[in-house]
Amino acid sequence: MILLKKWKRYIAEFIAILISGFVAIPLYLVVINSFKTKADAAEMSLSLPKVWNVLKNYEEVLKAAKIPQAFWNTSVVTVGSIIVLIILCSLTAFIIQRRNSATTRITEMLIITGIILPITVITTFYLMDSLGLVRTYMGVILLYVSGNFAFTTYLYISFIKGIPRELDEAAMIDGIGRISLFFKIIFPLLKPATATAVIVAFMSIWNDFFTPFYFLNTASRYTLSVTIYFFMGQHSSDWNLVFANIVIVSFPVIILYLFMQRYIISGLTAGAVKS
Amino acid sequence: MLNSSKKRKYSPLLLLASILIVAGCGNNNNAAPNNQTPQASNSTEQAPSEQPAEKITLKAIGHASWFKTGIDAVLKDAADKVGISLEIEKVPEGTDGDNLIKTKFATKDVPDLLFYYPDTNDNSGLGKLSDVFVPQDDQEWIANFDSSAWNYLTSDQHVYAAPYGGANIGVVLYNKQVFESLDLEIPTTMDEFWATADVIKDAGKIPVYLSGKDSWTLQLAPLQSGARPADADLLKKIEKNEAKLTDWKNKETGITFLKDIFEKGYTNKDVLSDTYDNAQQALTNGDAAMYFMATWVMNDIVTKFPDQVNDIGSFIMPFDGDASYATAFAPNAIFVPKGKNQEAAQKFINYFESVATQDVYFSNEGGIPTIKGVTKLTLTPAEIEAKAFSDAGKVFAGDPYKMKYAYDSNFPSYLQEVLVKDRRTPAQVMEGIQKDFEKNAKAKEDPNFK
Amino acid sequence: MLQRYYYSHLLLVPGLILFGVFFIVPSLAAFYFAFTNMDAAFQVTRWVGFDNFRILFEDDDAILAFKNTFIFAAITTVFKVLLGFFLAIFANQKLKSVLFLRSVIFFPAILSTVGVATAFVSFMHPSNGLLNGFLEFVHLDALKRSWLTDPSIVIYSISLVEIWKWTGFSMMLFLAALQTISQDVIESARIDGASSWRMIKDITVPMIMPVLNTTVILNLIGGLKVFDIVYALTGGGPGSASSVLNTLVYRAFSNGRNGEATAANLLLFVIVLVVVLLVNRILNRPTER
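Sequences listed follow chains A, B and C, in order.
All letters in the first sequence, in the order written, are residues 0 to 274 by numbering that gives the first Met the number 0.
All letters in the second sequence, in the order written, are residues 0 to 449 by numbering that gives the first Met the number 0.
All letters in the third sequence, in the order written, are residues 0 to 288 by numbering that gives the first Met the number 0.
Hints were generated in silico from the structure; no laboratory data involved.
It is possible that some hints are incorrect.
What the hints assert, rightly or not - Quick list of the computed label-pair ranges, beta carbon to beta carbon: (1) T374(B) x K49(A): 33 to 41 Å; (2) G285(B) x I70(C): 39 to 47 Å; (3) G176(A) x E186(C): 29 to 37 Å; (4) T106(B) x L81(C): 43 to 51 Å.
Just so we're clear, the structure is a prediction, and the values are computed from it rather than from any experiment.
Glycine residues also receive a C-beta, built at the ideal position from the N, C-alpha and C atoms.
Start from the sequences and build out the full structure, keeping to the hints where you can.
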């Protein structure tokens, strides 16, 4: 934390507001157009709505896209996947980072490869089909865990590098078990990393269109990311409803980010490693 | 842990995986496998709900935006009259949705009813039509349908699809107020057109609006110029590689026309930035006088600019004077895939295509019916005028003409390049689509294209 | 011995099994189709060797797509990492408005690409767009451009949108990394009278080096594999002026030439892998594991 002189603080505050304002304009456009009529929104302007269609638009989106149902489907797969992801990835990253063996080096290569590899519908579909996992929550969760495994593990590896080995060694001398070493000593220190990983994984799964589209989709079981297409037509889109849909779908992610931010920043006092 | 009934359900690979997971953690506290539990319980909680099987529920699939007020009204009616209800899986518009449907057919996960494109053929990625779908030639509904006029729906001399929704006609939509205020008549020759455009331009208005940001809209002009019954033989030759698309001069006329109106300043300024939405606004508020589009745009105009609907009319672009045609766009299609529910699905089709049901559909949604005898229509003036061209035989299915291989997937972006200075000439557009056509033919290993 | 027990390879097994079975194996197996004539219906009748790759290189747009992809990846990586880093330093201050900044800067990352693209298409309109309007307002008319329709600058305009969308993401990674720097180190540096700039250079950067490397690599991969934002903003246009490698893959898929599309995917995979391994090697040289 760098302390600033008073006048510098004011300038800094001003700059912060300026940057926020600049970044916020497109966000404003999305929100304000979600309040307009179809014709008004098609103009895509920043002006205030001529007619405030707030309730009407949001109600229509909630109903037409069956948002509550989609919300439930999305929540189940997202939460389920993230719990498994965080535990498996943090543990895997820990071993890869701490142990320098041929196995861990190959695993790390595999992880990098995994971030780059594109997922392929047809082979994955045949696999899931042969396992009877198509159109099951279980199947989608397994795909999410494996699909985000590389990215999340890679993220954890870089954060675990920042935790000194001396800590492990001290705990080992106390005769701690190997699972306890990780989950009781290391994992709590990874709070900022875990908060980051949760946000990233949540965003990627919550907004993912591809996996539920091919592997969960039925008339009754679709997720939030698919609902935006209900308002986009063959030739044109209902932009007011598209934007209302975007606001609705993004909202939980924003709440999560605001909540998780505390853990990223509070590391300042609580989670930081004293050396 | 997974319970035993679950283990049996999933195949050995998963079993192996779970054994290894358990083994991997040995006797330590089983942090990882414990987290398998929420997954398992989640999937049991949400087992698909079984509908009581009193009436038949058919599984249908189609693009989300195809299911609007018309089909809603029909489905209410169908539940009462034939005891059939549809459970519709709605997929997004465009390639993603198409791919999902193709994946389902490839993995034999076939719906009871498929709502899909009318020009579907053996190369469309659903398999050979005769293997996959029930032919409709002998069904009762076809008596009320002129399959020669809507030959999109046929393949190998068979009809495999039934029409769904309204047909559309590609015309020049024009603002009658603008024409009246400038004392203009509908042009019937190209000379008259250019004179008309001059008057409009001098009055400070945009003669022809181009919405090149939505690149597909640029196709409407060449689609109209290429809508010529006389070209049918040429297209057959092109299919056999005995002629080239570069020989298709009528198509090229429309492209040259785009280039001319743009370069001579008869269009809006930012042709590549302006959208389909912008075009509707400019046409209805009178900033622009004309717009090449099909009648489907009237659905949007009705909801967005209800007060201006009656200002919009349509005419046929006189690319070739009296011998010009408007472009026919077939309605979308419903297919009956072969399967255990094919009889019930066929029953639904026969019900749906009956005049009574069509009346229900078209009194709740706009569009031009293709089933004869439908009387309850909700058409705008522009559509009524377009329908008159159709009734007078001045409408022809120009494009995508039922050709064996697609050639038009890059066509819209080539047209954009015509509107960027010195990027691509109309002749080069034709060369480009010929190249794409050959590529697709070769990919299918057509012996004529070796 | 202690190492073998505490950092047991067995602990890798559960994760790697899931990862291997459900991701690596099906994804790698798919590359087999790159050497076949798989069609729109996913049917394969013939092995075609390297024909699909030959067709790819014959594509008129291939060179442009390569060029655009690398320009895009380079520009966006540099800016997202640099801006993200300085914003993180800035947002790590105890200021009131910073709380707000920290949230707002991340929101674009959450927003769907469709929404972002629609907004920017409107802002970048040459006549009625906010961007040119602003330039005119501050009398910088000379800088006005046809942002998304001028073939010579369109890829840079798309990069700008990508930077706007994802800088907050880099910032968040850096913020999290900054929390792991011990207060003691900072305190003692301050007592030694180190300037802010020196502290960043000598303490902050080395301490967060692993996360910095990761951020670079992740952004680089994202940049080379870009598709969504290009597709939503311009569809690769005008014409093919903003094509990238992944839009070519998409084009082959939508034409139903699935064998060719898979070949393009394989090629893209190999290119990205080579670039990433090279960059990874360079980045990891000064630090040791």
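Legend entry - Violations among the numbered hints: none
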